[in-house]
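Peer 1: Sequence:
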Amino acid sequence: MPFYSKLSIKPQTCAYVDLGYLGIKKLYENIQILHKASKLHPLTAVEKSENIEKDSARICVEHVNAKIKTFQILTQKYRNCRKKFNLRFNLICGFVNFDRGFEVPVK
Numbered sequence: 001m002p003f004y005s006k007l008s009i010k011p012q013t014c015a016y017v018d019l020g021y022l023g024i025k026k027l028y029e030n031i032q033i034l035h036k037a038s039k040l041h042p043l044t045a046v047e048k049s050e051n052i053e054k055d056s057a058r059i060c061v062e063h064v065n066a067k068i069k070t071f072q073i074l075t076q077k078y079r080n081c082r083k084k085f086n087l088r089f090n091l092i093c094g095f096v097n098f099d100r101g102f103e104v105p106v107k
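Residue numbers (the numbering used here): 1 to 107.
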């Protein structure tokens, strides 16, 4: 029985995923997935260049995820009040955005 996520991807959203999500292309049309190489079927030069383009778009998000994980809020079990989780997570994301040079909008 295949696993289907309860979260759907909207048609106007383009999702960049790695080779761990090979079966998702059957469910959604708007998925950008890397080309897979094997011993008998190596990648062509065009496929390699497409993989590099897709990876360069994905790496920015991966760097932000790694920065958020340094605060351990996603990797450790959250033992505080559940109502304050969103506030603390938003504060951590604000720190990461500030570190990456994004300006805070003034209301």
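Watch out, some of these pointers could steer you wrong.
As the list claims (entries may be wrong) - Calculated pairs, PhoX-like style, for lysine-lysine (alpha carbon to alpha carbon, straight line, at most 25 Å):
| # | residue 1 | residue 2 |
| --- | --- | --- |
| 1 | K67 | K39 |
| 2 | K77 | K54 |
| 3 | K48 | K67 |
| 4 | K10 | K54 |
| 5 | K54 | K69 |
| 6 | K83 | K69 |
| 7 | K69 | K48 |
| 8 | K54 | K83 |
| 9 | K36 | K26 |
| 10 | K54 | K39 |
| 11 | K36 | K25 |
Claimed, not checked - Okay, the calculated beta carbon distance ranges per label pair:
| # | residue 1 | residue 2 | range |
| --- | --- | --- | --- |
| 12 | V46 | N90 | 34 to 44 Å |
| 13 | E29 | G94 | 49 to 59 Å |
| 14 | N90 | A45 | 27 to 37 Å |
| 15 | N90 | S49 | 12 to 22 Å |
| 16 | K26 | I59 | 20 to 30 Å |
Hints listed in this document are in silico derivations from the structure and should not be mistaken for laboratory results. Just so it is clear, CB atoms sit at the ideal spot from N, CA and C, and this is done for glycine as well.
Peer 1: Hint by hint, say whether it matches the structure.
Peer 2: Comparing the hints with the structure gives:
no. : hint                  : result
1   : K67 - K39             : violated, 35 Å
2   : K77 - K54             : violated, 32 Å
3   : K48 - K67             : violated, 28 Å
4   : K10 - K54             : holds, 20 Å
5   : K54 - K69             : holds, 23 Å
6   : K83 - K69             : holds, 20 Å
7   : K69 - K48             : violated, 30 Å
8   : K54 - K83             : violated, 37 Å
9   : K36 - K26             : holds, 16 Å
10  : K54 - K39             : holds, 22 Å
11  : K36 - K25             : holds, 13 Å
12  : V46 - N90: 34 to 44 Å : holds, 42 Å
13  : E29 - G94: 49 to 59 Å : violated, 34 Å
14  : N90 - A45: 27 to 37 Å : violated, 44 Å
15  : N90 - S49: 12 to 22 Å : violated, 38 Å
16  : K26 - I59: 20 to 30 Å : holds, 26 Å
The structure does not agree with the numbered hints 1, 2, 3, 7, 8, 13, 14 and 15 stated previously, though it agrees with the rest.
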